[in-house]
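**Q** Chain by chain, the residues run as shown.
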Amino acid sequence: NAGVTQTPKFQVLKTGQSMTLQCAQDMNHNSMYWYRQDPGMGLRLIYYSASEGTTDKGEVPNGYNVSRLNKREFSLRLESAAPSQTSVYFCASSLDTQYFGPGTRLTVL
Amino acid sequence: RKEVEQDPGPFNVPEGATVAFNCTYSNSASQSFFWYRQDCRKEPKLLMSVYSSGNEDGRFTAQLNRASQYISLLIRDSKLSDSATYLCVVNRNYGQNFVFGPGTRLSVLP
Chain A
16 NAGVTQTPKF
26 QVLKTGQSMT
36 LQCAQDMNHN
46 SMYWYRQDPG
56 MGLRLIYYSA
66 SEGTTDKGEV
76 PNGYNVSRLN
86 KREFSLRLES
96 AAPSQTSVYF
106 CASSLDTQYF
116 GPGTRLTVL
Chain B
24 RKEVEQDPGP
34 FNVPEGATVA
44 FNCTYSNSAS
54 QSFFWYRQDC
64 RKEPKLLMSV
74 YSSGNEDGRF
84 TAQLNRASQY
94 ISLLIRDSKL
104 SDSATYLCVV
114 NRNYGQNFVF
124 GPGTRLSVLP
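If you read the protein sequences in the order shown, they are chains A and B. Position one of the first sequence corresponds to residue 16 (this note's numbering), numbered consecutively onward. Position one of the second sequence corresponds to residue 24 (this note's numbering), numbered consecutively onward.
There's no promise every hint is true.
Stated by the list, open to error - Listed next, the in silico EDC-like pairs over lysine to aspartate or glutamate satisfying Cα-Cα at most 16 Å (straight line): (1) B:K25 to A:E74; (2) A:K29 to A:E94; (3) B:K68 to A:D111.
To be clear, the hints were calculated from the coordinates, so they are not data collected in a lab.
Looking at chain A on its own, in the form it has when it is part of the complex (with noise of 0.2 Å):
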């Protein structure tokens, strides 16, 4: 088992352009959850899925979307990125306790 895979692990942007960030998991988990994490602020909720063709905002969604594409697959999408979205990005993904991704570190320019 692999676990929670992301992808890229590193990610230099400049302001206004797109990416979007991969998540996988094998552990046939329903709930998946994208986190951000900047120093002093602890993890913040961005975007959840509950299940499959769900989604649902978490604390700090604005500028970022969601796609549960199937159960193993949630990926976050930064349409127009700014520098305040420079951060560590964590998916997990849950039966009852979170499992997390390794981190993706992305700096906007």
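Dock chain B against chain A, hints included.
**A** Okay, now just chain B, sitting in the frame of chain A:
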């Protein structure tokens, strides 16, 4: 007030010391509780779930006090490898609502 609050860090302790972290939560409807560990530049990893009766895993002991709405983590005989940030996590309804505390950083010194 944040929904989940933790002791401010960092905690700097010598090897072999016993260290305790506290966490308080404000939502009395919270149902399940966890401690996660996060190493520098890595993802959070589950350390242990916290049960009402308290639970122990080797050198780690977790306690839950529902009446006072706090959770504790005790680490005995600290090792250098215990150096990390410890995150308190509360789940409101056994569903998707995991709320993370800001974390407490521990440095175990030789």
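**Q** Taking the numbered hints from earlier one at a time, note which ones the structure violates and give those numbers from smallest to largest.
**A** Every hint satisfied by this model.
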